[in-house]
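Asks: With chain A fixed as given, assemble chain B onto it according to the hints.
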Amino acid sequence: MISLAGRDIMHAWGKFVFTGMGLGLLIGITLSMAGIYRGMVDDGKALLDNSGADLWVVQKDTLGPYAEPSSIFDDAWRGILGMPGVARAANVTYLTMQVRQGERDVRTLVTGVTPGGPGTPGWPPYLVAGRQITRGHYEAVADIATGFALGDRLQIRRNHYIVVGLTRRMVSSGGDPMVFIPLKDAQEAQFLKDNDAIRQQRRRTAANPAFNRPQVPDLLNAVIASQSTNAYVNAVLVQIEAGHDANEVAESIRRWKRLTVYTRSQMEEILIGKLIATSARQIFMFLVILSIVSAAIVAFIIYTLTLGKIREIAVLKLIGTKNRTIVSLIMQQSIALGLIGFVVGKITATLVMAPIFPKYVLLEPLDSLIGFGAVVVICILASIIAIRAALRVDPAEAIGG
Amino acid sequence: MADKGIRIEGLKKRYGKGDTAVDALKGVDMQVASGEVVGLIGPSGSGKSTLLKCLGAVIEPTAGRMILGDEVIYDGGWKVKDLRALRRDKIGFIFQAPYLIPFLDVTDNVALLPMLAGVPNREARKQALELFKALDVENRAKAMPSQLSGGEQQRVAIARGLVNRPPVILADEPTAPLDSERALAVIRILNEMARQFETAIIVVTHDEKIIPTFKRIYHIRDGVTYEEAGQGRDF
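Chains as they are written, first to last, in this note's numbering: chain A, 5 to 405; chain B, 709 to 943.
Next comes chain A alone, as it looks inside the complex (with noise of 0.2 Å):
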């Protein structure tokens, strides 16, 4: 027996491929979207992976450093790092914002790390050029993604910085690229006024009697030089020892310095659990809708080339074709329709679409082989309205009369 629904196909090939490409291309957008959240979720466990972190200490009661602010004493990784199974302690802040370059501007994820070397909770884990942060003041290490190259100069806040590293892949939960600098300069940036700013509260706090005491006269300089100095950090990173369990040092460490940790699964699921979950939820709906307008094109699509050949199958079921070969015809056509729309709309995802996203689109496989499974599906669904139209078609419409 003849394929009909091939035959049917290549002799309205160009209709039928042109189709597949407008389908294809929406399928793109899906798979794409799909992408989309894969790369969050990539981007968020990246943070955690290239933090080197095994537990991350923060605020009472908050779920920084990621998710929430956090804001704890600097000096807090000391008395960690002489806790049972801790191995490393390290301070680190967090701060978003644009990082100015020239005439240009870039969104950042600022991170403070503290002097040491590679392998030290927070630093970047390895650099694609230049090298790692070697003074206290005014080296930068960047991703590449932000686009600043070896030596270009940097203005965060008031101060400039030198980019002395370049990385990869570090970026934060929402795909900002980070960009490292010494802890003391995060710091300070963190709460740096302008002048005008810290001549009003020096002017504020001479003003306060409270503070100004002639019989204490050092008083009122302490009070201004406590204000102009930023002596807490987002988080303490701490690496542990090999043999010991994260959740119990975790215990210890919140048992005896009365502040929440998290260990890494518990932040991968604060990260995807929480902070992206919005978006998730978003993109879902997103690949729900596309699903099902995908659906509504391609029965539109078959039930139009359905009711272009009523006639045909009228005559099919005159001369005694089956029912199930005009269902089989039908169908046929529906899943190759959505055959050339997932090579379409993967070639157009992957080779397309996601290169030029901003944010990092990350396409899986397994996501490729579900996407297809949904097509293949839908396409069949589809397919129904027009094969039930065909079941209807009365052969004695190919007599008249």
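None of these hints come from the bench; they were simulated from the model.
C-beta atoms are modelled at their ideal positions from N, C-alpha and C, and glycine is treated no differently.
Please note that a few of the clues may not be correct.
Derived Cβ-Cβ restraints for the label pairs, each shown as a range [claimed, not checked]:
1) B:K725 - A:G377: 44 to 54 Å
2) A:L373 - B:S854: 26 to 36 Å
3) B:P885 - A:I314: 11 to 21 Å
4) B:M852 - A:L373: 16 to 26 Å
From the structure, some residues in chain B lie toward chain A, with a derived Cβ separation under 8 Å [said to hold, decoys possible]:
5) I767
6) T770
7) V780
8) R792
9) A793
10) R796
11) Y807
12) F840
13) D880
Replies: Showing chain B alone in chain A's frame:
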């Protein structure tokens, strides 16, 4: 009269029920022998199409009897379980327009019927090509329907009606779109095929050009048929 062919006795068809019921066929008697071509003539609304649909096992009559060859196919109810197979194997159809499948070439348009009956593709195409020789369209075997003239399309449609060697062929105004010369050519072909393949052919027509060619004619009016001897002129 030969045993084969088709015979119908007291065939009735009623549409609707109660006060709105319409008797489209009021007891039609008809007999067409193998190898014979008869005309079925009647004005619009006389019941021609209804009779054709009953004969073609497309709609179910209300009463009567239909015998196809030696087999009773209807006797107050269908006596054949698979009407689809009955239409495929025992009844050939030729329509007013050729209604060829536009996405199949000429050979496969004809070979499709034996293929549907389970004949291997190669054998089915061989059967089609044999008919094309008889119908003088063998040189168009690979063409698509859209590449054929009206007369060629109608000959291919005749080949499709004949390919499964059915005992009866129902032709619904097969010459309507053709000029006199081509219309007579089609009737000549139908007569030749009827003789060659021992097929009974019923030609429903309004076409004044071909009516004189029938040796027997059934007139149908208000659901009743009247038999009349035709002129049987040469085509």
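Asks: Now tell me if each hint is right for this structure.
Replies: Results for each hint:
no. : hint                        : result
1   : B:K725 - A:G377: 44 to 54 Å : holds (50 Å)
2   : A:L373 - B:S854: 26 to 36 Å : violated (41 Å)
3   : B:P885 - A:I314: 11 to 21 Å : holds (20 Å)
4   : B:M852 - A:L373: 16 to 26 Å : violated (39 Å)
5   : I767                        : holds (6 Å)
6   : T770                        : violated (16 Å)
7   : V780                        : violated (20 Å)
8   : R792                        : holds (5 Å)
9   : A793                        : holds (6 Å)
10  : R796                        : holds (2 Å)
11  : Y807                        : holds (5 Å)
12  : F840                        : violated (18 Å)
13  : D880                        : holds (6 Å)
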